[in-house]
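So you can see what is in the structure, the chains are spelled out below.
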Amino acid sequence: MNARKKYMFYPGCSQESSALEYKTSTLAVLEALGAEVEEIEDWTCCGASAASVMSELLGVVLPARNLALAEQTSPPLGGKEGGGMVDVLTVCSACYTNFRRTSEAISSDPALLKTINQALEVEGLVYHGSATARHVMDVLANDFDLEALKERVQRPLTGLTVAPYYGCQTVRPYSPFDDDQRPTSMVAILEALGVTVHRHNREASCCGTSLLTTKPDVGVRMAASVLEACEPADCIATVCPMCHMNLDSYQGKASQAVGQPLSIPVLFLPQLIGLAFGLPESTLMLHRHVVPVRPVLERLKEAA
Amino acid sequence: MATSEIFNLTTAKRDPAFVDRLIPDGQLLRRCIQCGTCTASCPAAHAMDLSPRQMWRMVQLGLEDEVLRSKTMWLCSLCYQCQVRCPRGIPLTETITRLKEMALKRQLAASRESVAFYRAFTDVVRRYGHMREMEFMVRYFLMGNPLSAFGFAGLGLTLFSRGKVRPEWPKLGGEGRFDKLFERVAELEEKL
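Line by line, the protein sequences give chains A and B. 1 is the number of the first residue of the first sequence in this note's numbering; add one for each residue after it. 1 is the number of the first residue of the second sequence in this note's numbering; add one for each residue after it.
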């Protein structure tokens with residue numbers, strides 16, 4: 001890596017509440033790797049799965065508002081005409097999909113950009129199309145040398161078996177950085193941390209989060225099938241706050257649904273990287289998870 | 001609707017232009033060859049009244065009311081597996097969002113919970129610009145099925161104790177953060 005990487009950070013709603021630990025650990029890991037990360041000021045909700053159901057246009061205007069803010073704060077290198085791009089760092093796969101869907105819709109229908117900007121006028125904003133969302137999984141796997149990552153490891157996670165779980169929207173359908181059926185982005189990172197990787201057949205399956213509130217019976221069963229596939233591992237590594245909510249918080253309900261006790265801690269990938277980097281608990285906030293992470297820490301102690 | 005129901009296509013109310021009103025390039029939906037990859041790939045197909053394959057055939061046939069009244073679209077978890085695997089390159093998952101929008105606008109939506117979910121979510125975003133979990137859940141239960149709140153109470157407390165749900169009380173009255181933006185979007189959409 002030559003120049004210092006710079007990202008405009010879009011946290012998304014969950015990073016302020018249910019997945020605060022994902023935000024703090026991601027920022028700390030990126031800082032340790034030497035990246036510059038600036039949070040987009042006055043960012044708002046991307047619309048999640050709801051806005052575009054209420055109105056197709058609203059479903060692209062809300063993401064575009066945040067992309068416009070990112071451009072405003074961090075003009076692309078070489079100016080608008082220079083063809084430079086602003087990388088908007090997203091950690092939630094649902095936000096990521098909304099941003100990329102908006103960018104795709106604009107590139108296949110240039111008139112849409114004009115309509116979006118007519119809406120953004122009331123916010124005093126213009127979107128030029130130069131800010132593009134990048135998923136933290138993409139950034140961690142492709143923007144830094146594996147060697148640089150290894151150099152930062154102070155406490156290898158030897159003895160720990162981890163099941164990678166990407167979920168659906170991290171790799172589908174607008175994601176250019178990995179295979180949409182059999183992703184591998186996490187493997188080299190996890191191995192660099194010293195863990196044993198447990199590959200399984202649910203790595204890119206849907207966890208069912210978007211059905212949890214409205215169709216809980218169906219959503220929880222989908223989570224259970226992921227948890228069962230991951231069970232031989234000591235913990236799961238996720239890169240989406242929605243997946244985390246379902247796999248961690250609803251694990252008890254998933255156990256009830258399939259009539260078998262499931263108990264596997266679910267960590268965000270940056271939390272695992274942070275553990276290996278020796279970052280403090282105040283940053284990693286492992287205590288916030290519903291399924292206790294203690295067995296993971298004990299396993300590490302045994303191995304050491 | 002039973003999955004084995006037989007439609008008399010001579011007498012059924014049909015609109016062959018349904019596909020064209022759903023997405024800008026309706027021709028894409030006419031490409032479906034009924035291979036069934038969508039149904040085989042769908043993690044929620046078992047819970048649907050129409051399998052995805054059946055539903056797409058009915059969309060092609062213009063059986064608009066039957067499609068919009070089915071529960072199928074409300075069980076889609078937006079995992080995009082059918083869309084990326086479709087050998088005909090049809091944007092299936094994206095079209096499901098359009099089906100939901102149409103079912104809502106025509107008041108045919110077959111899932112009271114889903115309607116409450118999307119309305120409550122969008123209302124909270126309009127009001128504050130971002131999610132407020134407590135207010136969202138209160139609005140959702142009031143609009144949908146208040147009794148279902150009991151099923152979430154225990155977990156709600158656990159999440160609250162972990163700081164995963166913020167104690168924010170609804171602000172009564174006053175302007176919403178996005179009132180103007182939402183109004184402008186509605187005006188523009190009228191013209192499209």
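To be clear, the hints were calculated from the coordinates, so they are not data collected in a lab. Please read all numbers here as calculations on a predicted model, not as lab measurements. Ideal placement from N, C-alpha and C gives every residue a C-beta, glycine not left out. Hints may contain errors.
To be verified - Simulated coverage check for chain B against chain A, where a stretch passes if three residues somewhere in it have a Cβ under 8 Å from a Cβ of chain A:
hint, segment
1, 53-59
2, 64-78
3, 92-102
4, 117-128
Said to hold, decoys possible - Just some of the chain B residues that point at chain A, by a computed CB distance under 7 Å:
hint, residue
5, T39
6, P43
7, A44
8, A47
9, R88
10, K105
11, R106
12, L108
13, L157
14, L188
15, E189
Checklist entry - Against which earlier hints does the structure fall short, listed by number upward? => result 1, 5, 9, 10, 11, 12 and 13
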